[in-house]
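Asks: As they're listed, the protein sequences go chains A and S. Start counting the first sequence at 1; every next residue gets the next number (this note's numbering). Start counting the second sequence at 1; every next residue gets the next number (this note's numbering).
These are calculated hints, taken from the structure and not from any lab test. Hints are supplied without guarantee of correctness; some may be wrong.
For lysine to aspartate or glutamate, the following EDC-like pairs were computed, each having C-alpha atoms within a straight-line distance of at most 16 Å [to be verified]:
id : chain 1 : residue 1 : chain 2 : residue 2
1  : S       : Lys194    : A       : Glu23
2  : S       : Lys194    : S       : Glu165
3  : S       : Lys195    : S       : Glu156
4  : S       : Lys195    : A       : Glu23
5  : S       : Lys194    : S       : Asp151
6  : S       : Lys195    : S       : Glu165
Beyond 10 Å from chain A on every Cβ pair, some chain S residues (computed) [what the hints assert, rightly or not]:
id : residue
7  : Arg72
8  : Pro74
9  : Glu75
10 : Phe76
11 : Arg77
12 : Ala101
13 : Trp106
14 : Thr108
15 : Ser131
16 : Asp132
17 : Pro133
18 : Ser208
19 : Arg212
20 : Asn213
21 : Arg214
Anything over 12 Å on all C-beta distances counts as not near chain S; from chain A, calculated [stated by the list, open to error]:
id : residue
22 : Val70
23 : Gly71
24 : Val81
25 : Ala83
26 : Tyr84
27 : Ser89
28 : Asp245
29 : Ala279
The beta carbon of each residue, even a glycine, is placed where N, CA and C say it ideally should be.
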Amino acid sequence: MKRATENRALLELYGNAENSTIEGRATSFIRDALAPGEPDAACLARMHQRLTMQSSKRVRPRFALRFAVVGIALVVGVASVGAYELARSAGWFGPTLPAASSPPSPSQGAKKPARTGMSPSPVSLAEKPADDLAVEPAVEPPPPTGEPDVGQPAPAAQPGPLARDLGRSKRQPSGRMAFIHRSLDLPPPSVPSPSAAPVPATPGVGNVAPKAPASPTSDEIQSLDLAFRLLRRDRNGVAALAAFDAYLVRFPMGVLNQEARLARIDALLMLHRTDEALAALESLPLDGGRRMAHLLLVRGELRARTNCAGALEDFTAALARSPDATMLERILYGRGACRAQLGDRAGATSDLRRYVERFPDGAHARWARSWLETAPKNGAGE
Amino acid sequence: MAPTHKESDVNTVALPRMDPLPGEKVGWAPPSFDSVYRAHAKSVARWAMRLLGPKDDFEDVVQDVFMVVMRRLPEFRGDAEITTWLYEITVRIVQQRRTRARWWSWVTGQGPSPGRGQVRDIFPFLTNPPSDPQALFEARERTMILYQLLDELSEEQRTAFILFEIEGLSGEQIAEITGANIGTVWVRLGRARKKFFACARAWEERESDEARNRE
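Excised from the complex, chain A in its bound form:
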């Protein structure tokens, strides 16, 4: 089923060397590509030295440059507008029109369904400070269907961090520009609205995409999105768990079923229901899916409470999957402590020594150092 395969990587789908389709041949580039490694100590030291030397030098000039650029832009902008006003008042652009003192007609105001649900008039917009016009979606735009071939237009701009950084938020004209529009009796420019605008679209304007009829996939994504928000943003384990359970009941063969089951485990952990979390992890096939290293680590930590031997296997398997630094710290500590528990002092010494070298300020560094100092001296072989 096509939708069920969307959650799997290309390497899992087409990575077979005998696959002679274009997908297989394209995927072979991924399979055969070189993998970057970690820089050596000399490179790290060099970078750290540059950071230390340049941290004070680079900040001030950059701020000064930014202020200079902003200042120049402001001066140029004000000078341009001032020159235009002067030229207009001098009649260079034809007879001067009287400033509009009355509010615009209702039809003009209704043409701009703002994302926040307001229907601002140009007069009210001109009086608002610019910051109030920053667009935030009141409702998440309906996600498009999961079929990439449908060819629906991309969802309208969602002001994520990158969009905010690049300053692409849409604003109504304010201040002087609105005054100019009023003076010339021009209708304000229409603001393109996202397809999720809560107000109904004005026929013929075409600036609000008609809401697509709910499809199983868009419902599924909305349902899961809500659950993730409850878990990650609101930190509400109870509600998140209920939402994930509802999703799994409603979409037992859903595209994102695996994601939901994994996130459900995080919700159980948040509620300290560790036995259920461990049971859920034991029932999942941890054989190469997403977040493999992290899942093995969590299962190892849960197993370690009663079954160090089983936990050891998980820690070792997680270590073999090139974990990042945060996970490596937990793995080394978990495996070291388990080995010490099981009497493997040489193995424990090796792991805990590596832990202390890599994470001298780690959460368990003090305990690890104490153990290394007091444990009987042993060969530090692995």
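With chain A fixed as given, assemble chain S onto it according to the hints.
Replies: Then chain S, alone, in the frame of chain A:
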């Protein structure tokens, strides 16, 4: 109930103390810059190399990332994993860098990625490279072609593709790192895959045309 470890009882090995569970920030304190650098610089460098492709300026990216870390570490409250936070910064800086490079390449008429034979080393540091020189050469060539195909994607699609297909992150992790919702991530992935296959087909056709012209 499993006994918890006591600091004074170092000779009696207790079961590992559980790390704070998600949402639990008991006794959390913001890490120092040096500890963050020491613990995560290698990972950041690897991510930078992976996201940049066959360029040798990953050190600049790492430096930019840790400059941001230096400025924003006092504000970091531990709401997200520090790894996710660093990944987010790395992705953003690489995207900004690549966007600037695209503009520059448009102005100068050069491509955003170096052509074949123009780069001596794909990545300055490699994980498990082939020992055979011929195999290593072919792997380098194929890696360069891979990144040239990826250059045809938009930055958001390219990032999602690399993080999912090559780095092996989950859709939820990518959503957290890129600040998009999970539906958007899946859409970007779907479109990236479609375009990737189309570019691969076009590349194959160009190669076979060139081969025919050479004969």
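Asks: Hint by hint, work out which the structure violates, then give me just those numbers in ascending order.
Replies: As far as the earlier hints go, not one is violated by this structure.
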